[in-house]
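**Student:** As you go down the protein sequences, you meet chains V, R and A in turn. Using this note's numbering, the letters of the first sequence map in sequence onto residues 2 to 108. Using this note's numbering, the letters of the second sequence map in sequence onto residues 3 to 694. Using this note's numbering, the letters of the third sequence map in sequence onto residues 1423 to 1595.
Take these hints with a grain of salt, some might be off.
Here are some, though not all, of the chain R residues that point toward chain A, as calculated from beta-carbon distances under 10 Å [as the list claims (entries may be wrong)]:
(1) S84
(2) H88
(3) V675
(4) F680
(5) M683
(6) L684
(7) A686
(8) V687
(9) G691
Restraint ranges, calculated between C-beta atoms of paired labels, are given here [stated by the list, open to error]:
(10) R:L670 / A:L1577: 29 to 39 Å
(11) A:Y1429 / R:G655: 53 to 63 Å
(12) A:G1585 / R:G655: 48 to 58 Å
(13) R:P632 / A:L1515: 49 to 59 Å
(14) A:N1498 / R:G664: 49 to 59 Å
(15) R:G655 / A:L1515: 19 to 29 Å
(16) R:S672 / A:A1574: 26 to 36 Å
No lab work stands behind these hints: they were computed from the structure. Cβ atoms here follow ideal geometry from the backbone N, Cα and C, with glycine treated the same way.
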Amino acid sequence: MSPALAGLGTTDLVALLVSAILFSIGVLGVLLRRNAIIVFMCVELMLNAVNLTLVTFSRLHGVEGQVLVFFVMAVAAAEAAVGLAIIIAMFRHYQVVDLDRYRVLKW
Amino acid sequence: MVSAVLDLAAGQGAAGVQEQVAVGFRPVLPGLILALPLLGAVLNGVGAFLWRERKGLATLIGPGTLLAAFAIVLLNVLGMRSVAPHAPAIVHMWTWIQSGDLRVGADLQFDRLSLLMCMIVTGVGSLIHVYSVGYMREDPGYSRYFSYLNLFVFFMLILVLGASLPMMFVGWEGVGLCSYLLIGFWYDNRAFSNAGKKAFIVNRIGDAGFLVAMFLVFTTFGTLDFAPIVERAPDTLVYGGALVTGITLLLFLGCTGKSAQIPLFVWLPDAMAGPTPVSALIHAATMVTAGVYLVARAGVLFALSPVSQAVVASVGAGTALFAATIAIQQYDIKKVLAYSTISQLGYMFVAVGVGAFTAGVFHLMTHAFFKALLFLGAGAVIHSVHHAWDHASHDDGRPRHGDPNDLRNHGGLKAFMPKTWVFMWIATLAIAGVFPFAGFFSKDEILWSAGAYGYPILWGVGLATAILTAVYMTRLMVLTFHGHNRTFGQGGGAEAARYMHEAPPVMWVPLGILAVLSLAGGWVNIPEALPLPHIGWLEGWLEPVFEPAMSVAAAHGIEAAHAAPTGGGEALWALLSTVAALVAVLLTYRALAGRRVPTEAEAVAPIGFARVLHDKWYVDELYDRLIVRPSMALWRGCWRVVDAGIIDGTVNGAGHVARLFGWVGGQLQSGRVTTYLFVFMLGAVLVLGVLA
Amino acid sequence: MADFLFYLFAAGSILGGLLMVTRRNPVSAVVLLIAVFFFTSGMFLLLDAQYLAAINIILYAGAIMVLFLFVIMLLNLGHANWRDLRAPFGGLLAGAVVVAFLGLLAHRLIGDVAPPTAERTGGRLAAMAAQQGPVGMLAHPLFGDYVVVLEATGLLLLVAIVGTILLARRDPA
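Next up, chain V with everything else stripped away, as it sits in the complex:
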């Protein structure tokens, strides 16, 4: 058993599991949906799940976890803004928000 997981209570375990599940749900959403905005929201869900994990562990190991969560939130905000700006720009070009149509990352 790894030292990182020592001293976990039942609720902590549940929290970690929930976080894993939420993360997976987010991944499913990103992989299965074509609407770019929804995909973005699933990314936010994934980030939130990660936050939950960090908070859970910070209970045991110190406040650094929460500091990290703080920064994650800040960056998430920035990323959401920029990403939505990009979507707006693409929408102006393609008239749809279908992710399958945005193939400009090819070579």
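Position chains R and A against the provided structure of chain V, taking the given hints into account.
**Tutor:** Structure of chains R and A alone, referenced to chain V:
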């Protein structure tokens, strides 16, 4: 290079001549015998390309090389007569195959049998070459024709002079090739070239037997040369054992192919599609006799297997009768002669089958004479009719062409072609076995041997066939030469008189020579039993060759009897058979001479049993159903399923797999974010599962 | 009581997440995501991250999601009803991979962890929280050890603002 050729020709090759006995026979210019026809083939072939219009070269070289080769063979025969060797002289030219234990040399064997065969091949061959100068005069493929014909003689000589089975096989295959080339000579006719293919393919089946027999011989004897095999066979092989029976039956399979016996005879009637001199040379006098020659050459092996001997003789007799029945209902003059050839070859196999090898070779020789004469004569008739029609249509513009081969378009030709008429009657009497023509002596000896060696049924079959032979040949003669002329419609006498004429001298002189031979050719072997001066020249000449086989037979108690199965000596039965043949000829003549025969245009299809005979007992149709169609279905299946499906599928499939890999790789650069995230997740799963 | 709430919030967030990824209408999805954020904030609260719980709601639910709504309305996607789920083959493959991922994670967590203690240990955090208060507990490291990162984040936000404006504006035509 030239000196090497001359050296080779003079037999002074690298290993020189190996003399087997103290009294040696040195072959005279052995290599030249082969080299001349080969040279002729090459020069004529070149001429066919370069000087297509000029025929002089081929006229000179074609027959010229043959006549020169005949002269050299004659010299050798005279030399052999004076020396009288017991064992063959082997001329070793070079070592052809040297592989492990197998050593096959390009060796020639000069003994009495092979020289006799050379005489027949070059002699009759020369006559046919000379005849061809006249017959093929107007054909655009003149030079090509002589090239093929010379090439054929070259291979035939290899066949008869070969000192080992593989050498003989080289000749065997070579003559098969030339037969194909010459049958399909007019290759733009689809039916003719199909006939050539049929000949080659059917022969191939027989060749398979020959090959397997060679393998067996090699494993048994360790060598494939004739001389050691003949010497060691009685000690190495068990009399009547499975091995020798297997070898001989397989060899005989090859013979049924090459010599057109049951079951592989079907190519010979179709082979009549080639020019008539070809039919005379290849399918009457020489190539088809190769099977008989093989059995004679390997006589000691056959003598060691009574089962095989019985098979050979029975197949021969059966084929003889079978073919004769078909011949009496054929209307194409060449087809009648073709089935006649098959029938006479059957006789030869009866002879070598029962162990009367000399009788078989005797009939081979006389048959060469009269059958070649018959074919060449038929050719003259066809030539004449064809010309007559050509000229006639020039005059009044109406095309006249029916089938110049059809007997129903002939009739009354004795008035226009008297020499041909006389010569062909000589040949007819010879083939019918009427005394004193050549066929009488040879056929009679065969029939007598069949009875004397204890095969009464075959003797009876032979007798019946002889009568049928007389019938169909007389029918042919009557329909062609007697009665009214039908070439220009019924009673077209006046027109025929204007356009039909005798063959030119270059054609009828060879006919005449062959007629003399058909008359006197049998006089080289007159048995003692007949009240005539006994001449045993042929018997004596060939005795050393067949001595091993005869001694094997004698050792196992097989002796020729002196009385017929039903009593009476040889003389009585000879008399009976010739009288029967003569009576058959006369009766047939009486029956047919006065009758009105419909022309080809007016003819109706025969009915009933005559129909069966006319349609050749439906053998071709049977083969087609039983063998050809299932084989083609198999081949088609192999093509579609195995080749196109499996093999092409696999090869193409490899390409598809490569493209698949490419597609998968391409997905990595699809530009779709989703795909990238999918790969992330895949990697995450990998990390978690494997590494963590 | 706390445990019951915790489990309630857990279930709620999962349910909300599931619903969210399956909505066709983006506005419904946004609202459900807000609900998820509320539940996770609740879980933060019960995990001694009170400040973060509040920030989660203010920032995520309050700002980011509103931004999403703005964009949806701007692009007039509010009525979007098109079927945008992926084709079966790709979907099954993705689903399989995700399930594998989840399974492996769960196996790691459950398999490797010692049987959890029945009571919730407070940990060091509880002590600190009692001492400095929930905000101070975070502020001290933030402005102390990690101040450079903090300032950098500020810079990042500035860059993000500029970039967003640049990206989203119409070309001056």
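**Student:** Hint by hint, where does the structure go against what was stated? Just the numbers, ascending.
**Tutor:** 1, 2, 3, 14
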